[in-house]
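Taken in order, these protein sequences are the chains called Z, G and A.
Counting in my numbering, the first sequence runs from 1 upward without gaps.
Counting in my numbering, the second sequence runs from 1 upward without gaps.
Counting in my numbering, the third sequence runs from 1 upward without gaps.
None of these hints come from the bench; they were simulated from the model.
Check the hints yourself; a few may be wrong.
[Said to hold, decoys possible] Simulated crosslink set (DSS-like; lysine-lysine; CA at most 30 Å straight-line): (1) A:Lys63 - Z:Lys412; (2) Z:Lys205 - G:Lys126; (3) Z:Lys283 - Z:Lys104; (4) Z:Lys438 - A:Lys93; (5) A:Lys64 - Z:Lys391; (6) Z:Lys307 - A:Lys93; (7) Z:Lys391 - A:Lys63; (8) G:Lys124 - Z:Lys226; (9) Z:Lys438 - G:Lys71; (10) Z:Lys135 - Z:Lys104; (11) G:Lys158 - Z:Lys279; (12) A:Lys198 - G:Lys126; (13) A:Lys93 - Z:Lys372; (14) Z:Lys279 - Z:Lys316; (15) G:Lys126 - A:Lys64; (16) A:Lys198 - G:Lys124; (17) Z:Lys356 - Z:Lys438; (18) A:Lys64 - Z:Lys412; (19) A:Lys64 - Z:Lys401; (20) Z:Lys135 - G:Lys71; (21) Z:Lys226 - Z:Lys530; (22) A:Lys93 - Z:Lys401; (23) G:Lys124 - A:Lys64; (24) G:Lys126 - Z:Lys530; (25) Z:Lys550 - G:Lys124; (26) G:Lys124 - Z:Lys135; (27) G:Lys71 - Z:Lys205; (28) Z:Lys479 - Z:Lys359; (29) Z:Lys283 - G:Lys71.
[Stated by the list, open to error] Derived contacts from chain A toward chain Z, CB cut-off under 7 Å, selection only: (30) Cys99; (31) Asn103; (32) Ile184; (33) Val185; (34) Leu186; (35) Asn241; (36) Asn244; (37) Leu275; (38) Ser295; (39) Thr299; (40) Pro301.
We put the CB at the ideal spot given by N, CA and C, even for glycine.
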Amino acid sequence: MKKRKVTALAAAAVCSLALVLSGCGGSGSDSTTGASGGSDAMISVFNPEPTNPLIPSNTNEVGGGNPIDMMFSRLVSFDNKGKAHNEIAKEIKGNGDSSQFTIKINDGWKFTDGSPVTAESFTKAWSWAANVSNKQKNSSFFANIKGYDELQQDGVPADTQLSGLNVVDDKTFTVDLTSPSSTFPIQVGYAAFAPLPESFYKDTKAFGEKPVTVGPYKFQSWEHNKFVKVVKNPDYKGGIKVKNGGIEFRSYTDPTPAYADIQSGNLDALDTIPASYKKTFLKDSQVQAVNDPGSVLQMFTIPTYMKHFGEDQEGKLRRQAISMAINRPQIIDKVLSGTGKDVTDFTAPTIPGYSKSIKGNDVLKYNPSKAKELWEEANKISPWGANDVFKMAYNADGAHKEIYDAVANSIKNTLGINAQGNPLPTFNEFRSNVQGRKFTDSAFRSGWQADYPSPESYLMSNFSSSAADGNGSNDGDYKNPKFDALLTKATAAKSVDEANKIYQQAEEILMEDLPAVPLYYMNAYGAGSKSVQGFTFTWKGTPAYPDMSK
Amino acid sequence: MGKYLLRRILQMIPVVLGTTLLIYALVFALPGDPVAAMFGDKPVNQAVAAQIRAEYNLDKPFLVQYVLFLKNALTLNFGNTFAGQPVISVIGRAFPVTIQLALMAFVFEGVFGVLFGIISGLTKGKWSDTIILVISLLLISVPTFVTGFILQYFLGVKWHVLPATAGAHPGFIDLLMPAIVLGSVSMASIIRLTRTEISSNISEDYVRTARAKGMGNFQVIVHHVLRNSLIPVVTYLGADIGGLMGGAMITERIFNIQGVGNTLYQAIVRGEGTLVVSIVTILVMIFVVTSLLVDLLYAVLDPRIRYA
Amino acid sequence: MTDMTMNESLNGSMTESNAEVFFPDPLPGQERFVAPLDDTPLADVDSVNDEVPATSMWADAWKKLRRNPLFIISAVLAIFVILVALFPFLFTKQDPMACNLDNSLGAGTSGHPFGYDLQGCDVYSRVVYGTRTSVSIGILTTLLVTVFGGLIGAVAGFFGGWVDAILSRVTDIFFAIPMLLGAIVLLQMFRTSGSIWKIVFTLTLFGWVQMARITRSAVMEAKNLEFNTASTALGSSPVRNLFNHILPNSLAPIIVMATMSLGNYIVSEATLSFLGIGLPTSLVSWGGDISTAQSLLTTNPSVLFYPSAALAITVLAFIMMGDAVKDALDPKSKTV
Chain Z
1 MKKRKVTALA
11 AAAVCSLALV
21 LSGCGGSGSD
31 STTGASGGSD
41 AMISVFNPEP
51 TNPLIPSNTN
61 EVGGGNPIDM
71 MFSRLVSFDN
81 KGKAHNEIAK
91 EIKGNGDSSQ
101 FTIKINDGWK
111 FTDGSPVTAE
121 SFTKAWSWAA
131 NVSNKQKNSS
141 FFANIKGYDE
151 LQQDGVPADT
161 QLSGLNVVDD
171 KTFTVDLTSP
181 SSTFPIQVGY
191 AAFAPLPESF
201 YKDTKAFGEK
211 PVTVGPYKFQ
221 SWEHNKFVKV
231 VKNPDYKGGI
241 KVKNGGIEFR
251 SYTDPTPAYA
261 DIQSGNLDAL
271 DTIPASYKKT
281 FLKDSQVQAV
291 NDPGSVLQMF
301 TIPTYMKHFG
311 EDQEGKLRRQ
321 AISMAINRPQ
331 IIDKVLSGTG
341 KDVTDFTAPT
351 IPGYSKSIKG
361 NDVLKYNPSK
371 AKELWEEANK
381 ISPWGANDVF
391 KMAYNADGAH
401 KEIYDAVANS
411 IKNTLGINAQ
421 GNPLPTFNEF
431 RSNVQGRKFT
441 DSAFRSGWQA
451 DYPSPESYLM
461 SNFSSSAADG
471 NGSNDGDYKN
481 PKFDALLTKA
491 TAAKSVDEAN
501 KIYQQAEEIL
511 MEDLPAVPLY
521 YMNAYGAGSK
531 SVQGFTFTWK
541 GTPAYPDMSK
Chain G
1 MGKYLLRRIL
11 QMIPVVLGTT
21 LLIYALVFAL
31 PGDPVAAMFG
41 DKPVNQAVAA
51 QIRAEYNLDK
61 PFLVQYVLFL
71 KNALTLNFGN
81 TFAGQPVISV
91 IGRAFPVTIQ
101 LALMAFVFEG
111 VFGVLFGIIS
121 GLTKGKWSDT
131 IILVISLLLI
141 SVPTFVTGFI
151 LQYFLGVKWH
161 VLPATAGAHP
171 GFIDLLMPAI
181 VLGSVSMASI
191 IRLTRTEISS
201 NISEDYVRTA
211 RAKGMGNFQV
221 IVHHVLRNSL
231 IPVVTYLGAD
241 IGGLMGGAMI
251 TERIFNIQGV
261 GNTLYQAIVR
271 GEGTLVVSIV
281 TILVMIFVVT
291 SLLVDLLYAV
301 LDPRIRYA
Chain A
1 MTDMTMNESL
11 NGSMTESNAE
21 VFFPDPLPGQ
31 ERFVAPLDDT
41 PLADVDSVND
51 EVPATSMWAD
61 AWKKLRRNPL
71 FIISAVLAIF
81 VILVALFPFL
91 FTKQDPMACN
101 LDNSLGAGTS
111 GHPFGYDLQG
121 CDVYSRVVYG
131 TRTSVSIGIL
141 TTLLVTVFGG
151 LIGAVAGFFG
161 GWVDAILSRV
171 TDIFFAIPML
181 LGAIVLLQMF
191 RTSGSIWKIV
201 FTLTLFGWVQ
211 MARITRSAVM
221 EAKNLEFNTA
231 STALGSSPVR
241 NLFNHILPNS
251 LAPIIVMATM
261 SLGNYIVSEA
271 TLSFLGIGLP
281 TSLVSWGGDI
291 STAQSLLTTN
301 PSVLFYPSAA
311 LAITVLAFIM
321 MGDAVKDALD
331 PKSKTV
């Protein structure tokens, strides 16, 4: 429920990749005045046009997610390293088994229309978002709060409240969960959990065009298909330090013209690099290039319902053979021009718990002779026909062709079998095939960007049995009770370090079963104009917008 | 004549009905579920999805959807996009910039196409003809996404001659480069068409007659040769103006112009039926009107062509 | 097929009797504006040798073509292109599908004169093997579009009235359908097919309209020319007129459109592949290679250059051939 997979939505979102739900916060908590420091210059940044009204619970794509993230403060915020800090919350206290939380909020916070932020600003907003009558795409974020199921019935009044939320006083409320969750205090940092003012309920449509918010920035204007402008909020009381006067999220459908604008100084920041410039941007003297390790894991899922790749000995051998047939470092070097990093586990380099030494991870290393050997062994169980083709599906409206052509060639050259990319014209069609479990003769592209820096985010939603069969993002329907048991054990662990060790044990199982074949960690890369300062990325791979100045 | 015009205008009704039905059917046949895709990679909340489907009538059979659309369209209610914007206002934003771009491209390809065509046709077999042939060849064999990129890179980024992208409120200068890129593909065909007609008409009897009567070379070409050569060119140009509007997907993307092509592309990829149908309906009306104008122009260019 | 000859002899025999009508005696005070017939060698030009057997338009054209160097060069080029398309293995021993990243963007070496593309495939062999796919798509689509669009346009232009109204409005509708939309819907039906026919079919479905419009205009123009009136007066049926007189006289713009479109269709295949609805990666084509090489424009332009050049040469051959055929068929050009 709290995590999401990474898939590029149309060419617009080629690289920004994820739906930005969580905070990308400021640089730290040393300054609480917020309004101080920095110049007042506006920073212009690349952004796909928002495809939804600017309502946090309905926005699940980067275009709207980026401005929403800057305008809407939540109970907690995340710094550039992904660490959570209290923002509007004064205190979030759980009971013994993390099934009930008492939340106290800070005094003196006000929405941009002058109304105060109260406990009700949260409870009403969450109930409204969870209510099916309001048709919010992020409604399932609230699924673990008591009373959610009652709000999913047809014809439920739009203002019915979640029974699990109780207002104690003006600044305090409690949350009852259906099942215990120790990560709930982090989840409330996602944009969908932002507080909303009273005026929102009077005219949600008008709000979506012109939101009233509480946060480091406030709304200025939205010219559709041109830009969303937000300006520094002088009344902001949180810990995020804003170093510019405002941000213009300029609408682009393609990053190529945006790069030309960066080069000619018409745009300040671009959080991706178009294919035409990938080979040159690091040496381009007209831009500030950034190419740092990121948090996105790119892989392809070989579904368990695919012929020859079931959850048996043959499937296991073939998966390992395929994985060892891919020359990843070479593909990263030649095709990605170094904008990725070779894989060693199922998380990503910016995540605590990331490891280079998981037992069995040599299955991710290029080993042509071993690959061939394993493949032949599998052929003894059930022969691979001369007309069989190993296909990998992807959506052609993203930029995946070159990668999958290279992977296919590598498999072909190593195993001597026919392998090819399997493009589907639109993301719509691609997702429908994944959701309908129609890829019975083809592997398919998958990727993951974590919402919070923990291996849990990667392992739970992609590979746990509870996320299979349409209940999560385990679209290959991989099920392994031993793996599930280790995840449960890790959730209950006393310390982060201990939990991470258990997660690494769980990954050992994945190395053997390979429900998905990891390809590379995508770097956080992009280009800034020469005149902008502080162009860096957060742990999630989005630019640290408040840090930029001119 | 008045009767003819009326008849042509009335013909628009079945054309619009036919187009909307056809487009609706095509969008309906698009693979993939647009509502499920709204949830991105996350599991779909089926209850919410059902509500959204009901809101956009997507839960109804195809013909019911179509009739509902027509009913609403008659009251000028085209509904909302998936993004919650009124379709009318989306169209209202997209068309002005595209019309400007299309007209600029149209003038560019028309003026230069005909001009080069005349030069080429009059100097058939000479070096100027050969150079123009090579230019046409280049325009044909290099796709727009390459020419657009090259021009943007050199004129926009390297030499700063023209703006690299169109910007939020594009003016004439901002749209100049996109218009050239957009018009250049059709220009090759216009050059060749004009050249052919000119070179064949130049040897017509009436040209020799006019010359014999002592008419100047320039006048002969403008009054006699050109006028008689223009029918295929005018036909081509007339058909192209609608194409320039709907078909500028690639050019609009390269130069970040938020016009009809871009909007249409997004709508198709997202499977937004009403938006696609509404845009295409306007396009088809443009086609019907331009083809009427072209037909009327025939009568001007060639008095022998008459309409009852 | 003696129509043209008939036409000419018709004109020839009428000249003398018409002379009196067209060149009346000058009025008093008016100067003669045309020299008397005896003063000019016009009579010689117009005299017809009745003993020579009548020749057909096509035979005439062929005779002229054989002597036209432009035609010979273009024909040789076209035959060469078609040879490469039919027998690619005669021109290279490399497998175009044998790609190895070790060679990625490698420079040309002996045996690999054009170097390697991003995936490490031999560019020369890909250009050679791509010929079949691309040229087939170009030629087949052009043929279908010309026949289909030409026929509809000719019928619309010739008959006019309600026939024209219906056909032209259908054309308007097809003009307005976004090719992307139609292509996605159509091509998904043939998702698994690796055949080029699905591309040819799609391109034809959205390409015939322009050809129909052009043909219609040319036919409308030719319909009013004297030879048609004359032929009708002589009792020829309308359909016979259309096919025997009007269409041959409308060929020039049709040929130009056809030869120009040929290149367009080859490039369109690139756009379709680019959108993921084209040919599978297992089929080599110029269009596909051009679209993948696009991102290498600033760093390795040669990868883009070779398939584009092959495309340009092919288009050139067909444009030149079209020009030559058009000139040969043009009855007016005989007097030049």
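Hints versus structure:
no.	hint	in the structure
1	A:Lys63 - Z:Lys412	55 Å, violated
2	Z:Lys205 - G:Lys126	66 Å, violated
3	Z:Lys283 - Z:Lys104	50 Å, violated
4	Z:Lys438 - A:Lys93	40 Å, violated
5	A:Lys64 - Z:Lys391	55 Å, violated
6	Z:Lys307 - A:Lys93	36 Å, violated
7	Z:Lys391 - A:Lys63	55 Å, violated
8	G:Lys124 - Z:Lys226	48 Å, violated
9	Z:Lys438 - G:Lys71	37 Å, violated
10	Z:Lys135 - Z:Lys104	29 Å, holds
11	G:Lys158 - Z:Lys279	18 Å, holds
12	A:Lys198 - G:Lys126	42 Å, violated
13	A:Lys93 - Z:Lys372	27 Å, holds
14	Z:Lys279 - Z:Lys316	37 Å, violated
15	G:Lys126 - A:Lys64	20 Å, holds
16	A:Lys198 - G:Lys124	39 Å, violated
17	Z:Lys356 - Z:Lys438	34 Å, violated
18	A:Lys64 - Z:Lys412	54 Å, violated
19	A:Lys64 - Z:Lys401	50 Å, violated
20	Z:Lys135 - G:Lys71	25 Å, holds
21	Z:Lys226 - Z:Lys530	23 Å, holds
22	A:Lys93 - Z:Lys401	27 Å, holds
23	G:Lys124 - A:Lys64	17 Å, holds
24	G:Lys126 - Z:Lys530	50 Å, violated
25	Z:Lys550 - G:Lys124	59 Å, violated
26	G:Lys124 - Z:Lys135	67 Å, violated
27	G:Lys71 - Z:Lys205	25 Å, holds
28	Z:Lys479 - Z:Lys359	20 Å, holds
29	Z:Lys283 - G:Lys71	58 Å, violated
30	Cys99	5 Å, holds
31	Asn103	10 Å, violated
32	Ile184	5 Å, holds
33	Val185	10 Å, violated
34	Leu186	11 Å, violated
35	Asn241	47 Å, violated
36	Asn244	46 Å, violated
37	Leu275	6 Å, holds
38	Ser295	4 Å, holds
39	Thr299	5 Å, holds
40	Pro301	12 Å, violated
Checked against the numbered hints given earlier, the structure breaks hints 1, 2, 3, 4, 5, 6, 7, 8, 9, 12, 14, 16, 17, 18, 19, 24, 25, 26, 29, 31, 33, 34, 35, 36 and 40 and satisfies all the rest.
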